[in-house]
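Novice: We have chain L; now place chains B and V onto it with these hints.
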Amino acid sequence: MIPPAIGDQRAGEVMPLSSGRPRHAWRAWLLTETPGSRAQARLGQAYVAWLGFRRNPLAMAGLTILVVLVLVAVLAPVLTHQSPVSQELGRRLQPPSAAYWFGTDELGRDIYTRILYGSRITLLIVGLVVVSVAPVGLLIGTVAGYMGGAVDVVLMRMTDVFLAFPRLILALAFVSALGPGIENAVIAIACTAWPPYARVARAETLTIRNSDFIAAVRLQGAGPLRIVLGHVVPLCTSSLIVRVGYDMAGIILTAAGLGFLGLGAQPPSPEWGAMISSGRKFLLDQWWVATIPGAAILVVSLGFNLLGDGIRDVLDPKQG
Amino acid sequence: MITVGDLRVTFGHGASAVHAVRGISFHVEEGGAYGLVGESGSGKTTVLRVLSGLLGTWEGRLAVGGQEQGARRDRAFHKMVQMVFQDPYGSLHPRHTVDRALAEPIAIHRLGRQGDSSRRIVRALDEVGLGPAFRFRYPHQLSGGQRQRVAIARALVLEPRVLLLDEPTSSLDVSIQAEVLNLLARLRREHRLTYVLVTHNLAVVAHLCERLGVMNLGRMVEELTVAELRAAEPREPYTRQLLRASLGYDRRAVDALETFD
Amino acid sequence: MEAAPRSEPAPLLRVEDLWVRFPGRMGVVEAVRGVGFTVGREKLGIVGESGSGKTVTGRAILRLVLPPGLVTARRLVFDGQDLLALNEAAMRGIRGRRISMVMQDPKFSLNPVMTVGSQVAEAYRMHADASLEEARRRTLEMLAAVKIRDPERVYRLYPHEVSGGMGQRVMIAMMLIPGPDLLIADEPTSALDVTVQMQVLAILDDLVTQQGMGLVFVSHDLNLVASFCDRILVMYAGRIVETCRASELQQARHPYTRGLLQSLPRVDRPVAELPVLQRDPAWQDAFP
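Sequence order for the protein chains is L, B and V.
Be aware that the first sequence starts at -6, since it is given in our numbering, and climbs by one per residue.
Be aware that the second sequence starts at 1473, since it is given in our numbering, and climbs by one per residue.
Be aware that the third sequence starts at 4, since it is given in our numbering, and climbs by one per residue.
Misleading hints may appear alongside valid ones.
[Claimed, not checked] SDA-like mimics (lysine to any residue), calculated; alpha carbons at most 25 Å apart, straight line: (1) B:LYS1551 to B:THR1517; (2) B:LYS1551 to L:ASP205; (3) V:LYS110 to B:GLY1562; (4) V:LYS110 to L:GLY214; (5) V:LYS150 to B:ALA1728; (6) B:LYS1551 to L:ASN203; (7) V:LYS150 to B:GLY1562; (8) V:LYS150 to B:PRO1709; (9) V:LYS110 to B:LEU1689; (10) V:LYS110 to V:TYR161; (11) V:LYS110 to L:ARG202; (12) V:LYS150 to B:ASP1727; (13) V:LYS110 to B:LYS1551; (14) V:LYS110 to L:ALA39; (15) V:LYS110 to B:ALA1728; (16) V:LYS110 to B:ARG1724; (17) V:LYS110 to B:ASN1673; (18) V:LYS150 to B:LEU1689; (19) B:LYS1551 to L:LEU222; (20) B:LYS1551 to B:HIS1663; (21) B:LYS1551 to L:SER204; (22) V:LYS110 to B:PHE1483; (23) V:LYS110 to L:ASN203; (24) V:LYS150 to B:LEU1719; (25) V:LYS150 to B:GLY1513; (26) V:LYS150 to B:SER1512; (27) V:LYS150 to B:ALA1725; (28) V:LYS150 to B:THR1517; (29) V:LYS150 to B:PHE1483; (30) V:LYS150 to B:HIS1663; (31) V:LYS150 to B:ARG1723; (32) B:LYS1551 to L:ALA196; (33) V:LYS110 to B:SER1512.
[Unchecked claim] Away from chain B, derived, C-beta distances all over 10 Å, residues of chain L: (34) GLN87; (35) TYR105; (36) LEU171; (37) VAL193.
[Said to hold, decoys possible] Short derived list, chain B residues pointing at chain L, Cβ under 7 Å: (38) SER1563; (39) HIS1565; (40) ASP1571.
Calculated from the structure, these hints are not laboratory results.
Don't be surprised by glycine CBs; every beta carbon is placed ideally from N, CA and C.
For reference, chain L alone in the conformation it holds in the complex:
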């Protein structure tokens, strides 16, 4: 059987479209065909992946949105001198103007400032959820997929239980039991967000398990732990990262939903979902109170989606 890729010979000369040697020494170092160390090899691969990512305008747009989000969260005190929580009832429900770029809400707080500080909460929620959920789902899925048998059955039925509930409903149940607040909202969302990762990881593991390279390392005497952690997990991470990218949008919306229902961040915290909730009374006449935070959620969700698409295009398994 003939392998599909070009073998030891090249079919004709490849003429470069643009001549010009790399301008920087480090670029040459990264793109060298003969790396001298594992670090150099890994960095080189990362750089090539970055170059591929950079070619995709939508992915770059997604990345830009998220970079802006992070910058806004970090630099919030610099970007605005107002306080997000101080009330000034004399200026309540002002429309967007030069003084208040996004207007003011029903308690006279500057919406622009609240959006900026609210980004911190959004990032916090998303970050905490992903950091706790992805490794757990990955581990459960890969172990279940590789071990098979009783272990697989037990772990997957457990996953099914969590998967059976609609995410928001289960989160509501958790929060009602634990009490409202950001930390509990994060826990609630995390508890409902991990099953899909476990499923995806297990599906990938089932495919990988029959590969020759797994057989080869088994023949070297490797135990299941080494195989799962060193060989299976690295191959699952790319599809996991892509799913995380897509899921971020859902997590934000779930957090906003909890906030909307008053079960997430509590007032006067400038969480975007809570802002929409409190602003819905004024939706017809003072549209900006609810719409601006909604637009912020939309933009950030879109950014994560585009980023997820871009990462998937770059991490396409066929390339690896």
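Specialist: Coordinates of chains B and V only, in the frame set by chain L:
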């Protein structure tokens, strides 16, 4: 070195059971090279998988290096017996550098302190004709022939005494086959390795091995030496047919082909 | 580069200066570079390794190379018709009906959710105005012609229920049922056991001799092509480096061909060490 006695492998049970191997026996002396030849479905790959320890459900007798083997193999076995797979595109982990792939068995068997491990890796690469420039490449940066050399180096790094070869050159370009076959022949001479080679290609068996066993539908049809094969003296009609077909197309011979069930 | 057949009427296919280029991120890859040959009612073998351009050549003839790939040729004439000048609709009339293609692995070319018989019948009805009954009858005839012993039973099987050899015979039946003049076979037997290979090749052989079909047999197996075909083209790096009659292969002149022949292990010719093909970079450019 290797003794297989009445090996039987069955997949499934009841009416839908598949008897992949039905009582195979052969032996390979130390330093010898034995070819297992057959078409698809003959069971030759299954025998190799049993030999290597990848397949645990079998009946019969198996002794390697004088020791009886059971369903599970210990670490000492894996140090003694290594395998090279058919598809060079699938036998290397896509996210591991060559260095990592070679360092792994060393780490598993705790064979090297830091410097020693590096020396072993460089030596293994050298043996298969790959220089240090290849050490930190990823598999997708290697050609098919280079990947197969890395797979061979990985098998050699533990200094085994037996190499199981599963169609090692079938997926390679024709011009690369010769290099890899020469490499395998040289390594066997230099390290006094014992080979068990599974293939459907009689020419490859004739080049690398001294004896061969012809399998069909799970049974050993015939065992003969390569000298007998070259002299066109196989006794069994199945083997003669296989030999005839491997020499090229001949319209008259096709009408004489039978199905052997 | 042309190889003129000795005593032929006008050839079925004439290719002159065929180039296939694929623009990509890193530059333009020239898969086929100035290839020229003719095919009559004979078996022509195109031999090469991966990357030699042999598969792309076969696809270029049928204009199956998709953009951004670019196919150009000074002449690409089939039975008097300039294939490059035809629009897509006219080309569809050629594909399948006048020129057909059989590929390597029937697992990937047969539709898994239709019975094999209905696929062959569909191929027939695409090119001939026939009723379902007529198509079924022709299909059964065709299945018998490819030496399938129980056509009625096989007609109702699904692709996953047939063996590799039988699947490939079904493919051949499907591709030959419209009665093409030229068949391009791209590694049609590489995935098959060697005895089944012989049987499938015999079917193709009979079709060429009995029905006067032309056959372009693309393969990596030099010995097989030499024993099966009438004429051989050897491709390397997108060019044809050797043309000869199959019986004269041992007297091949180009160093690549000679090197390849010598590097193949043979049952009847023991060597201590196989001579390894030494690639000369000059082969990329020079014409023999």
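Novice: Does GLY1513 of chain B sit within 25 Å of LYS150 of chain V, going by the straight-line distance between their CA atoms?
Specialist: holds, 22 Å
Novice: When you check the alpha-carbon spacing of LYS110 of chain V and ALA1728 of chain B, does it fall within 25 Å?
Specialist: Roughly 28 Å between the alpha carbons, so the hint for LYS110 of chain V and ALA1728 of chain B is violated.
Novice: With the threshold set at 25 Å, check whether the alpha-carbon distance from LYS150 of chain V to ALA1728 of chain B stays at or below it.
Specialist: holds, 14 Å
Novice: Does the alpha-carbon distance linking LYS150 of chain V and PRO1709 of chain B stay inside the 25 Å limit?
Specialist: holds, 23 Å
Novice: Mind verifying the non-interface call on VAL193 of chain L? Its CB should be farther than 10 Å from each CB in chain B.
Specialist: VAL193 of chain L is indeed farther than 10 Å from all Cβ atoms of chain B, at 17 Å.
Novice: Is the hinted pair LYS110 of chain V and ARG1724 of chain B satisfied, with a Cα-Cα distance of at most 25 Å?
Specialist: Violated, at roughly 29 Å.
Novice: Assess, step by step, whether the Cα of LYS1551 of chain B is no farther than 25 Å from the Cα of HIS1663 of chain B, and give holds or violated.
Specialist: holds, 15 Å
Novice: For the pair we were handed, LYS110 of chain V and ALA39 of chain L, check the Cα-Cα distance against 25 Å.
Specialist: violated, 36 Å
Novice: Below or equal to 25 Å on CA atoms is what counts here, so check LYS150 of chain V against PHE1483 of chain B.
Specialist: Violated, at roughly 32 Å.
Novice: If you draw a straight line from the CA of LYS110 of chain V to the CA of SER1512 of chain B, is it 25 Å or shorter?
Specialist: holds, 15 Å
Novice: Checking one constraint from the list: CA of LYS110 of chain V to CA of LYS1551 of chain B, max 25 Å. Satisfied?
Specialist: Violated. LYS110 of chain V to LYS1551 of chain B sits at ~39 Å, over the 25 Å cutoff.
Novice: Verify the proposed pairing of LYS150 of chain V with ARG1723 of chain B, using a straight-line Cα cut of 25 Å.
Specialist: holds, 15 Å
The structure is inconsistent with the numbered hints 4, 7, 13, 14, 15, 16, 28, 29, 30 and 32, although it conforms to all the rest.
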